[in-house]
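Numbering of the sequence shown is given in full-length UniProt numbering, commencing with residue 1 and proceeding in unit increments.
The set of hints was computed from the structure by calculation and includes no laboratory data. Hints should not be assumed to be uniformly reliable.
Simulated pairs of lysine-lysine, DSS-like, Cα-Cα distance not exceeding 27 Å [claimed, not checked]: (1) Lys198 to Lys167; (2) Lys51 to Lys174; (3) Lys226 to Lys174; (4) Lys198 to Lys266.
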Amino acid sequence: MAAAEPAARKRRPKGHFAAGPGRAKRPRGAGRQLEAGMRGILITCNMNERKCVGEAYSLLGEYGDLLYGPEQFSDHEERLSGSDREEDEDDVEAALKKEVGQIRASTEQKLRRFQSVESGANNVVFIRTQGIEPENLVHHILKDMHTTKKKKTRVILRMLPISGTCKAFMEDMKKYTETFFEPWFKAPNKGTYQIVYKARNNSHMSREEVIKELAGIVGSLNPENKVDLNNPQYTIVVEIIKTVCCLSVVRDYVLFRKYNLQEVVKSNKEDAQQNPSSVTKEQNSEVVKAEAEEQEKSSKEVKEENKNQSEIGSESKGTDALSV
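Using the sequences and the hints, build the whole thing.
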């Protein structure tokens with residue numbers, strides 16, 4: 001009787017490696033996730049994150065080259081070819097140099113001017129930046145689009161610069177913002193401001209507590225800093241995703257329709273007569289109304305926010321504000 005044929009050996013899918021004892025599986029996107037300490041640009045989109053990333057690279061690359069010049073890349077292959085010309089170099093040393101060059105090239109790739117990382121929330125893209133000022137770049141983009149009224153994106157909705165990030169815990173945020181707010185609000189600097197707040201995939205932070213604490217810090221830096229919900233000089237943007245708090249202080253938030261790329265290119269008779277940082281109360285009302293659909297807030301939530309605004313305002317003697 002013929003011997004039984006050995007059982008067919010199961011083949012693992014290509015690129016699959018079993019996690020042996022003591023070896024944890026590498027999570028998807030490990031090493032490329034939003035975390036405290038990063039700076040960049042937070043972008044919201046509508047159900048098409050992959051296309052959003054493509055549009056972001058194209059738009060940021062276009063304006064990045066205009067403001068900072070073409071991005072420079074070091075040619076590691078040229079360096080390697082030069083070293084290979086040394087006739088007395090043995091094979092082992094050549095292989096080692098080649099490997100070092102590849103590692104260096106991989107590192108340089110990770111430190112490119114713009115790099116997409118996992119944001120931790122649906123319909124949200126985070127582009128990490130290197131060597132540029134996110135607030136200046138984004139403001140330049142919005143200003144140009146507002147002036148020319150040329151639509152340059154299809155799926156990107158809002159584009160918010162993120163000048164700093166920290167852990168999304170109250171003590172960490174208080175400690176971080178005491179220094180972060182200084183360029184705008186520490187005496188002798190001063191200005192009018194509002195605070196806008198959004199939390200995603202986070203349930204342990206309180207909107208009212210965050211706004212109250214941050215407004216208190218702004219007031220402590222200079223008592224002359226005042227809240228203005230109609231026409232503020234600065235808007236403090238607070239975006240919390242999971243355990244990361246993203247912060248920025250932006251200008252012309254109302255004029256540029258809450259930094260919405262779809263709205264900023266729409267024609268507006270008042271816009272043609274307005275200069276940046278000069279917005280009327282009537283225009284602010286129109287912008288808030290236009291953004292109502294995107295925020296998807298019910299009338300009940302709006303009433304609750306207005307109520308909280310009054311309560312917090314009286315407690316802090318006019319030094320804080322709720323998001324609008």
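Going down the list of hints, with the structure as the test:
no., hint, verdict
1, Lys198 to Lys167, "holds, 15 Å"
2, Lys51 to Lys174, "violated, 36 Å"
3, Lys226 to Lys174, "holds, 19 Å"
4, Lys198 to Lys266, "holds, 25 Å"
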